[in-house]
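Please work from the sequences and hints to get the whole structure.
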Amino acid sequence: MKPPSIRRVGVVARFASREAVRTAAELADWLKRRNIAVELDEACLRARNLTDVAPFDPATRYDLAVVLGGDGTLLSVARTVLPGVPLLGVNLGRLGFLTEMSRSELYPTLLRILAGDFEIEERSLFDVELRRADGVHSSRYRAFNDAVIAKSALARIIELTIQINGRLMAQVRADGLIVSTPNGSTAYNLSAGGPILYPALPVAVLTPICPHTLSLRPIVVPDQATIEVTLETEQEVFLSVDGQEGSGISYHDTVRVTRAEAPVHLVRMRDRSFYDSLRDKLKWGG
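Going letter by letter, the sequence shown gives residues 1 to 286 in the working numbering.
Please note that a few of the clues may not be correct.
The following label-pair restraints were derived from C-beta to C-beta distances [as the list claims (entries may be wrong)]:
#1 Lys281 to Glu159: 29 to 37 Å
#2 Pro195 to Asp280: 13 to 21 Å
#3 Ser5 to Lys281: 36 to 44 Å
#4 Gly285 to Pro83: 35 to 43 Å
#5 Ala155 to Asn35: 29 to 37 Å
#6 Gly243 to Trp284: 21 to 29 Å
#7 Asp134 to Ala59: 28 to 36 Å
#8 Asp29 to Ser5: 18 to 26 Å
#9 Val221 to Arg272: 23 to 31 Å
#10 Ala133 to Glu42: 35 to 43 Å
#11 Asp57 to Arg33: 33 to 41 Å
#12 Thr161 to Glu26: 46 to 54 Å
#13 Glu42 to Glu105: 25 to 33 Å
#14 Gln235 to Arg103: 38 to 46 Å
Think of the hints as simulated: they come from the structure by calculation, not from any bench.
Bear in mind the structure is a predicted one, so any value in this text is a computation, not a measurement.
In this text, a Cβ means the ideal position worked out from N, Cα and C, and glycines have one as well.
Take a look at the structure:
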């Protein structure tokens, strides 16, 4: 995909990080000195008492959105910005699979981006709908990494029915189930024994959490499929989306997962690949 020219930039920082807030203010000044319109999230504006910078609005069409923090900050922004806005993640957290660079690489990389030396990579989003058993009420979410159905800490094992495109796939007794995008395959899915997926693959992976039957293994299905998971036990269960939002699930409620129409656009540098990130983050050597 052809990179856009950069004329308007939104900046979002992890407010709990002093380094992120400070870097956001410095970045806003750096961009303004290059005659680029910049908007900063309101929490940073208040923290730095900036009155000469407009507030960031996720409903605005930016040429670039810079996200300062960790993967969690990028996840929250990715679910809310307009489709097609390129996101550049700067890792100020720990592992940082989604973020493209460290703080020390920010300005050299931005100079390359302003010169058009970058690529846009599409990552899929999932629409997640919690349908209540009464057939009337429902809740809707957007997942960039995963939707997780899991029992509470002290609850007994739960039972789930999984259907793919209306056909029974399995009846599961486990601590829960992860429905992950390829993007989220290196998150909770990986910790639970699921496979690492190349992020551009048009698939979803279903990974049971501590299944009662050892033959029940993670399975990869096309992301054009409709995935439906129904709770078959009366106990405390929770739906968590990207680890940031969700709701309690009751007996015979169904979680429906489908691929969202519009993908997330991530900025990637041409000299860095997904495999480079795996070697670096997972210490594979080389």
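Evaluation of the provided hints:
At roughly 35 Å, the beta-carbon separation of lysine 281 and glutamate 159 lies within the given 29 to 37 Å, and the hint holds. Range check, proline 195 to aspartate 280: about 19 Å between beta-carbon atoms, so the 13 to 21 Å window is met. Taken as a hint, the range 36 to 44 Å is violated for the pair serine 5 and lysine 281, whose Cβ atoms sit roughly 31 Å apart. Glycine 285 and proline 83 have their C-beta atoms about 38 Å apart, which keeps the hinted 35 to 43 Å range intact.
Between alanine 155 and asparagine 35 the CB atoms are about 57 Å apart, so this pair departs from the stated range of 29 to 37 Å. Remark: the range hint 21 to 29 Å for glycine 243 to tryptophan 284 is upheld by a beta-carbon distance near 25 Å. Separation of aspartate 134 from alanine 59 is about 33 Å and conforms to the stated range, judged on CB atoms against 28 to 36 Å. A hinted range of 18 to 26 Å for the beta carbons of aspartate 29 and serine 5 is consistent with their spacing of about 21 Å.
A beta carbon spacing of about 29 Å between valine 221 and arginine 272 agrees with the range 23 to 31 Å that was offered as a hint. Separated by about 39 Å at the C-beta atoms, alanine 133 and glutamate 42 satisfy the suggested range of 35 to 43 Å. In this structure the hint that aspartate 57 and arginine 33 lie 33 to 41 Å apart at CB is violated, the actual value being about 23 Å. At about 52 Å, the beta-carbon gap between threonine 161 and glutamate 26 stays in the expected band of 46 to 54 Å.
A hinted range of 25 to 33 Å for the beta carbons of glutamate 42 and glutamate 105 is consistent with their spacing of about 27 Å. Between glutamine 235 and arginine 103 the beta carbon distance is about 44 Å. The supplied range of 38 to 46 Å therefore holds.
Violation of the numbered hints given earlier is confined to hints 3, 5, 11; the remaining hints are satisfied by the structure.
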